[in-house]
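Peer 1: Residues per chain are reported as follows:
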Amino acid sequence: MSTLTISDLHVSVETDQGPREILRGVDLVINSGETHAVMGPNGSGKSTLAYTIAGHPKYTVTQGSIDFDGQNVLEMSVDERARAGIFLAMQYPVEIPGVAVSNFLRTAKTAIDGEAPPIRTWVKDVKQSMSDMRMDPSFGERNVNEGFSGGEKKRHEIVQLDLLKPKMAVLDETDSGLDVDALRIVSEGVNRVKEETGLGVLLITHYTRILRYIKPDFVHVFVNGRIAEEGGPALADRLEAEGYDRFTETTDA
Amino acid sequence: MAPSTSAEHSPAAFYNADALAPIQTRRERLSSFSIDDLNPVSPRSAEWRYTPLDRIEQLTAGTRDGSDIPAVYDITGAASVSHMPMTDALVGRCGRPEEVASARAWQDTHNALVITASAQDTSEVWVLRDSLGASARAGHTVIDVAPFAKTTIVFDNRGSAMLSENVEIHVGESATVVVVSLQQWNDTAVQLASHFARVGANASLTHAVVTLGGGVVRINPTAHLAETAASATLLGLYTADSGSHIESQVYVNHDAPNTVSRVNYKGALRGAGARTVWIGDVLIGSDATGTDSYEQNRNLILAEGARADSIPNLEIETGDIAGAGHASATGRFDDEQLFYLRSRGISEEEARRLVVRGFLNEVLAMIPVPRIQALVHDELDLALEEVPV
Ligand SMILES: Nc1ncnc2c1ncn2[C@@H]1O[C@H](COP(=O)(O)OP(=O)(O)OP(=O)(O)O)[C@@H](O)[C@H]1O
Ligand SMILES: [Mg+2]
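Respectively, the protein sequence lines represent chains A and B. Residues in the first sequence are numbered consecutively from 1, following my numbering. Residues in the second sequence are numbered consecutively from 1, following my numbering.
Keep in mind that the hints were calculated from the coordinates and are not lab data. Here the structure is a predicted model, which means the values were calculated and not measured. Built from N, CA and C at the ideal position, the CB exists for glycine as well. Take the hints with a grain of salt, since some may be wrong.
Said to hold, decoys possible - Which bits of chain B does chain A cover? Going by a derived footprint, with three or more residues having C-beta under 8 Å, they are: (1) 47 to 54; (2) 349 to 362.
Claimed, not checked - Below, simulated EDC-like cross-link-like pairs (lysine to aspartate or glutamate); rule was C-alpha separation at most 20 Å, straight line: (3) A:LYS167 to A:ASP179; (4) A:LYS215 to A:GLU195; (5) A:LYS58 to B:GLU336; (6) A:LYS194 to A:ASP132; (7) A:LYS127 to A:GLU188; (8) A:LYS58 to B:GLU348; (9) A:LYS167 to A:ASP136; (10) A:LYS215 to A:GLU240; (11) A:LYS167 to A:GLU240; (12) A:LYS215 to A:GLU188; (13) A:LYS58 to B:ASP335; (14) A:LYS58 to B:ASP334.
If we strip away everything but chain A, and leave its shape as in the complex, we get (with noise of 0.2 Å):
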């Protein structure tokens, strides 16, 4: 049982005009086997939550935590956050040029346990992942995300997801460029990874389909950095039917 404690967040970038505070008092507690949904308007700090649970170094955390287990997440390197069980499918994967998606994949599964993994059992997970994603076996022999399309690169996302055996995951934006065939592929995926393993999922998304394939228990409405209302599911539809504009008029944009 794993438990991701995020308390109030706050985060800025930097700007030519100087700091700029995106996320401004996030409070969200995930613990395994859950599923949260966040949606909200474009721009509104999504990405830059996910991006800040991973430790990218573009954003500064001014003020809050994040712990993870009852360990201090914002003192752990980009690494050691990934090794302790947190993941990012991230929106816009990133193309690297000369590295094999089979070398990736050993590489980070080696660094992930700490051992590299028995080939044999490990080419027939990697094969069978990929079959499940309906990734052609010849995308091993590529290189990471270089001229994939971008559903490919997605169905990518959660091949990794699947292979690396996290215990907490942000999908952000993972249904977003997903065919009908592909999104219901790639949810069966999720789903999959958390019976298996009761993974804990903060499911970043625009459109309440994908919520039709991963059930969420809670749904966080999301505006101009912190969370707005909360709710079950129904929330979700009320979102896509009602839009955000009754969140948007309320807040000092």
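Mind docking chain B with the ligands on chain A? Use the hints.
Peer 2: Just chain B with the ligands now, kept in the frame of chain A:
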């Protein structure tokens, strides 16, 4: 990486990376066997302005030992090696010196090493040069590739050197040739080389310069695509340590219809004060209709005070080309790439190694010699153990 430049060119344009103004065109550069005809060695001349002249004095003035360069030859297939006087008809078919060091080496050399690849079969000649010593030498090699021959020639350079040499590569019609110059010199070695390739009709040349060690290594390849449908791929891969100067003046001369060239040089500057220079000249002459040409140079700066100059230059004299473009970029690690790898648990050190490795792999993968790939692969593993963080 940033900053970077890249451009596609419309025909009939002169272009220079620094300014949109014509510079002295490569075609106008002097070439002669006589030293007096050539520009003096000076920091002001286009040929020498980037080179550390104090470190190459023994090769630009006085005389050098012109006896045969000690080497061990490993020959498989239909190829042979011999030494011929510099007056032999095989010598001087592929080009003329364009600068003083090259002209002096030409004069100093007693006999040319002639490597002949005949058409009967594929062949490979591995030339191990590991006992040149530190006194100044001059040398000349003629690689004579018969029409329809398929051959691979490797210079495997190690140890110390104070060497100035010319290499002629005569590629007969429809031949396929790979020439690799691999430098793993010690860090005081100096090598100046001019490679002159003349590529015949439907023939293809892959030329690769791989420099992993050396003090001053300046290897300037010229590919003269002299007949219809000749093609050349010129590759460079280098890692520069503290105190090393690695220079590549690459010249592709499209001189016949439907010729194709690709130039791809990539380097990692690992040591403080490491210095690399890449000048890529492409000339598409008035007869070279249907030319397809692309050149690029990319440098990854890994250490403080390292400097990479990268100067692409394209001259186009015909309106009827298939394509011509160039790209040049010099930068530090891409933070987003490192973040992505580290977010998968990979340590910063290992992430850096992966990125450098990946960066150089692109070129290594294009060198069609398995033994070179394996050797360079292992060597990079060792070298990148010490990538600075
Ligand atoms: N370097 C920066 N300089 C200025 N503003 C920045 C910088 N980086 C991020 N921002 C701003 O921070 C805000 C939050 O961005 P973020 O990517 O977190 O939004 P988001 O909620 O994920 O949006 P979307 O739904 O479009 O993905 C945006 O307004 C963005 O422009
Ligand atoms: Mg976002």
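Peer 1: Look at each hint and say if it fits the structure.
Peer 2: Hint by hint, here is what the structure shows:
1. 47 to 54: Violated: only 0 residues of the stretch 47 to 54 of chain B have a Cβ under 8 Å from chain A.
2. 349 to 362: With 10 residues close enough to chain A, the hint holds.
3. A:LYS167 to A:ASP179: 27 Å, violated
4. A:LYS215 to A:GLU195: Distance ~13 Å between LYS215 (chain A) and GLU195 (chain A) Cα, so the pair holds.
5. A:LYS58 to B:GLU336: Roughly 10 Å between the alpha carbons, so the hint for LYS58 (chain A) and GLU336 (chain B) holds.
6. A:LYS194 to A:ASP132: Measuring from Cα to Cα gives roughly 15 Å; hence the hint holds.
7. A:LYS127 to A:GLU188: Measuring from Cα to Cα gives roughly 17 Å; hence the hint holds.
8. A:LYS58 to B:GLU348: 16 Å, holds
9. A:LYS167 to A:ASP136: 27 Å, violated
10. A:LYS215 to A:GLU240: 16 Å, holds
11. A:LYS167 to A:GLU240: Not satisfied, since the Cα-Cα distance of roughly 30 Å exceeds 20 Å.
12. A:LYS215 to A:GLU188: It holds: about 11 Å lies between the C-alpha atoms, which stays within 20 Å.
13. A:LYS58 to B:ASP335: Holds: LYS58 (chain A) and ASP335 (chain B) sit about 10 Å apart, inside 20 Å.
14. A:LYS58 to B:ASP334: Judged against 20 Å, a Cα distance of about 13 Å means the pair holds.
Taken one by one, the earlier hints fail for this structure at numbers 1, 3, 9 and 11, listed in ascending order.
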